[in-house]
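Asker: Read off the chains here:
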Amino acid sequence: MPSSRTGLPAPRLSARDAAAEAVAGIVQRPGRAVLTMLGTVLGVGAFVGVLGLTATGAGQISHQFTVLQQTTVTVEDNGPANNVAPPSTNPPIGFPANADTVASHITGVVAAGVWWPVSLPDGTKFTGSLALSASSSQTITLLAASPGAVRALGLKLVAGSPLTTYENNTSQHVAMIDTGTAAQLGISPARLASQPAIFVGGLPYTVVGIYSSAQRIVTGESAMLIPEHTALADFGNPLPGIGNQDEAQMVIATRIGAAKAVARQIAAAELPSDPARLAVTSPPNPQNLQSEVKSDLAGLFLILALITLLIGAVGIANTTLVAVLERTAEIGLRRAVGARPRHIAAQFLAESTALGTLGGLIGTCIGVGTVVIFALAKDWTAVLNPAYTLPAPLIGSAVGFLAGAYPALRAARTSPLAALRSA
Amino acid sequence: MPPVIELRGLARTYPGPPPVPALRPANLVIEAGDYVAVTGPSGSGKSTLVHLLGLLDAPTGGSYLLDGLDTATLGDRDRSALRGRRIGLVFQAFHLLPYRTALENVLLAGLYNSTPRSERIPAAVDALRSVGLGHRLDAVPTTLSGGECQRVAIARALVNRPSLLLCDEPTGNLDSGNAATLMELLDRLNETGFTVVVITHDAAVASHARGTIAISDGIISERTGAAHA
Numbered sequence: 011m012p013s014s015r016t017g018l019p020a021p022r023l024s025a026r027d028a029a030a031e032a033v034a035g036i037v038q039r040p041g042r043a044v045l046t047m048l049g050t051v052l053g054v055g056a057f058v059g060v061l062g063l064t065a066t067g068a069g070q071i072s073h074q075f076t077v078l079q080q081t082t083v084t085v086e087d088n089g090p091a092n093n094v095a096p097p098s099t100n101p102p103i104g105f106p107a108n109a110d111t112v113a114s115h116i117t118g119v120v121a122a123g124v125w126w127p128v129s130l131p132d133g134t135k136f137t138g139s140l141a142l143s144a145s146s147s148q149t150i151t152l153l154a155a156s157p158g159a160v161r162a163l164g165l166k167l168v169a170g171s172p173l174t175t176y177e178n179n180t181s182q183h184v185a186m187i188d189t190g191t192a193a194q195l196g197i198s199p200a201r202l203a204s205q206p207a208i209f210v211g212g213l214p215y216t217v218v219g220i221y222s223s224a225q226r227i228v229t230g231e232s233a234m235l236i237p238e239h240t241a242l243a244d245f246g247n248p249l250p251g252i253g254n255q256d257e258a259q260m261v262i263a264t265r266i267g268a269a270k271a272v273a274r275q276i277a278a279a280e281l282p283s284d285p286a287r288l289a290v291t292s293p294p295n296p297q298n299l300q301s302e303v304k305s306d307l308a309g310l311f312l313i314l315a316l317i318t319l320l321i322g323a324v325g326i327a328n329t330t331l332v333a334v335l336e337r338t339a340e341i342g343l344r345r346a347v348g349a350r351p352r353h354i355a356a357q358f359l360a361e362s363t364a365l366g367t368l369g370g371l372i373g374t375c376i377g378v379g380t381v382v383i384f385a386l387a388k389d390w391t392a393v394l395n396p397a398y399t400l401p402a403p404l405i406g407s408a409v410g411f412l413a414g415a416y417p418a419l420r421a422a423r424t425s426p427l428a429a430l431r432s433a
Numbered sequence: 013m014p015p016v017i018e019l020r021g022l023a024r025t026y027p028g029p030p031p032v033p034a035l036r037p038a039n040l041v042i043e044a045g046d047y048v049a050v051t052g053p054s055g056s057g058k059s060t061l062v063h064l065l066g067l068l069d070a071p072t073g074g075s076y077l078l079d080g081l082d083t084a085t086l087g088d089r090d091r092s093a094l095r096g097r098r099i100g101l102v103f104q105a106f107h108l109l110p111y112r113t114a115l116e117n118v119l120l121a122g123l124y125n126s127t128p129r130s131e132r133i134p135a136a137v138d139a140l141r142s143v144g145l146g147h148r149l150d151a152v153p154t155t156l157s158g159g160e161c162q163r164v165a166i167a168r169a170l171v172n173r174p175s176l177l178l179c180d181e182p183t184g185n186l187d188s189g190n191a192a193t194l195m196e197l198l199d200r201l202n203e204t205g206f207t208v209v210v211i212t213h214d215a216a217v218a219s220h221a222r223g224t225i226a227i228s229d230g231i232i233s234e235r236t237g238a239a240h241a
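Each protein sequence line maps, in turn, to chains A and B. Numbered according to our numbering, the first sequence spans residues 11 to 433. Numbered according to our numbering, the second sequence spans residues 13 to 241.
Don't read these hints as lab results, they were simulated from the structure. A virtual CB, placed ideally from N, CA and C, is assigned to each residue, including glycine. Among the hints, erroneous ones may be present.
[Claimed, not checked] One side only, chain B facing chain A, incomplete, derived with CB under 8 Å:
no.	residue
1	L68
2	D69
3	G73
4	L101
5	H107
6	L120
[Said to hold, decoys possible] Pulled from the structure, derived: some chain B residues nowhere near chain A, Cβ distances all over 12 Å:
no.	residue
7	E18
8	P29
9	P33
10	R36
11	H63
12	G74
13	G96
14	E116
15	N125
16	S142
17	T193
18	E234
[Claimed, not checked] Sample of chain B residues lacking proximity to chain A, with all beta carbon distances greater than 12 Å (derived):
no.	residue
19	A23
20	R91
21	E203
22	D214
Please construct the entire structure, taking both the sequences and the accompanying hints into account.
Answerer: This is the structure in C-alpha cells:
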C-alpha cells in the first residue's frame, strides 16, 4: 500500500519479522524469560495435571464400580426391635434358614448367601496340627458362610472344592482357606487329598478347598471360611446390629444393572414380617461419584490453577513493563528508523505472547508428564482428554497476550524524543 | 529538483508554564549534496532542530519541506515512512541494540520500510563494508570500540540511501583520533552524494563541513561558507 502523500510505501512490520524480533527479544535474556514464564508454566501445568488426574482417577473409580461394586448388594441384620434373647446370648440371625434360595428367586441375582465374621475369644490359635511345634497364626479371620455366600464371594479356587450345601446342612467341620493362610500354616494345595486339618482353639476343620483370590468381602485378607450351620453350632449366634463388625450379613452378586432392583426387593423377600430389621446397601451410582470427584476436587484445584495463571499473568505483565521501561532507547531508535507506535506495540505484544505460549507448552508437557507418571506409579490408565490438553498451550498464549497489552500500550505511547534522550 | 531541506518560519515552543521558545521562527535551505554543520552551545536549540529535521517532533509554527514535501500536513504514517526511507539518523550515544550483532543492528533500518527480506542482508553488508566494518559483521557492540560502534550506527543510517544524513553530535562520545576517522568517513559519504547535516559544538568537527549555521538561544544565524555548487 503506497503512502498517498510521500510516494513511499507505508511502514509495515510483517508477522514473520514481528515473530523474529519477539524471539530475539526473548533469547537475549534467557534467564529472565524462564523466570517470567514460570507462573504460566505452573498455571497451565496445574490446569492440565488437575484435569488429567481427575479424569484418570474417575476413570479408575468407574472401572472398579462397573465391574464389582455395581453388581454387589449388601444386607445387614440390625437385630430384632425388642431383643428377648436371654442375657449373654445373641438372638437368632434375622435371615430365614432358606435365605439363599429366597434371594436366588429374585430376578437379577446371580448368587446370594449369608455370612458373618465369627467372634472368637482372645488368644484363639489357628494351627496346622495339634503338635506343639506346629506353626500357628492369629491373624486369620474366621468367617461363617452359606454355600450361596461362598458362590457370591467369587472365589478363584486353586485346589479342592467350595463348601457344599450338604456340608452346611449337616454342620460338617470343613473349611476353605486362602493360599496365604495355607502357606502360613504349612498346608500345600498338593496335600489337600490327604485331608489336612486346621485347629481353631482346638476344634478341627478339614480343609476342603484353597482359593487364591476373591471378588467380594475377603479380597486381600487372610480368611478361613466354614459352613454357616457349623459356625452356629460351634460358636453360637452372631451379635446383631449394624456396625458391631460381627452381625450376620447377606452378600448378593447381581447381574450388571440389576443391583438397584434387587436392593429394592430383598428385605421384604427375606423377612416379610419385619423387613425394617434388614438394612440394604446398594452401590452408589458411578456417574454420581465421578461427578462428585470432579466437582469437589477438580473444582478446588482448578481455582488454584486459575490463581497460578493469574500470578503468571502478573509476572509477565510486570516483566514486560520493566522491559519497556528498560528499552525506551530501543523504542526511540525503532521509531527513528520508521516504526509506527503500532509496530512497537506489536513487538512487545508478540514477545509477551511468545513467552506465554512457550510457558503454556512447557506447562502442558509437565502436566501431561505428571498424569502419565502418576498413572504408571498407580498402575492405572492415564486419561487425558485431547479437547482440553491440546489447546492448553493456547491458555498460555492468551495469558501472555493479555498480560502484554498494557506494557505494549505504554511502549507505543513512549515519545521517541524522550526515548532517545534516555540513553 | 527541490532542496532536501527547506524551513519556512519553522518554530518550536515547548508548552510551559512558562512556555519555552526553543526554536524561534527560522528559514533555512539545504540543497541536495550539501554538507552543513549546525553549531551552538548547550541549550541553544540544536537538539530541538535535530528532532524537527528528523521528524521525531512536530513544529509549533512554520513549515518544513523535506524533498519539497510539506511535512506539517503529514500524518504519523507518512512521517514514519519518511523516517524509514529518507532520513538517516546518527546519535551521539550510538543507540545500538546491545544484544544484536553489527549486521543485525544495520538490518533494523530495513525492518519497517517494506524492504523485501531478500534485499536487506546484502544492503546491510554493503553498508557495513562502506564504513570499513566488512570484517566485523557478527560482532556485538560490547566487543566493538566506540569508533566502530558509531560506524555501525552510520551504516544503519545510510543503508536505505536516505536523502538526508542527520548526525547529532556524532563524535561526542569519541576520542579525538576516532573522531577524526569518523569525520573523514562523513566527508567521504558526502563526496559519494549524501546530503550531510552535522550538529556539533566542536569547531574541529564543524570545519569539515562546507557551510556552518550557528544557533544561539533558539535563533538560527546566517549561513557561513559556500553553498553546494
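Asker: Each hint should be assessed against the structure and marked as holding or not.
Answerer: Hint check results:
no.	hint	verdict
1	L68	5 Å, holds
2	D69	6 Å, holds
3	G73	18 Å, violated
4	L101	5 Å, holds
5	H107	5 Å, holds
6	L120	6 Å, holds
7	E18	16 Å, holds
8	P29	20 Å, holds
9	P33	17 Å, holds
10	R36	19 Å, holds
11	H63	6 Å, violated
12	G74	19 Å, holds
13	G96	2 Å, violated
14	E116	8 Å, violated
15	N125	5 Å, violated
16	S142	18 Å, holds
17	T193	23 Å, holds
18	E234	28 Å, holds
19	A23	17 Å, holds
20	R91	9 Å, violated
21	E203	25 Å, holds
22	D214	20 Å, holds
Consistency with the previously given hints fails for numbers 3, 11, 13, 14, 15 and 20, ordered from lowest to highest.
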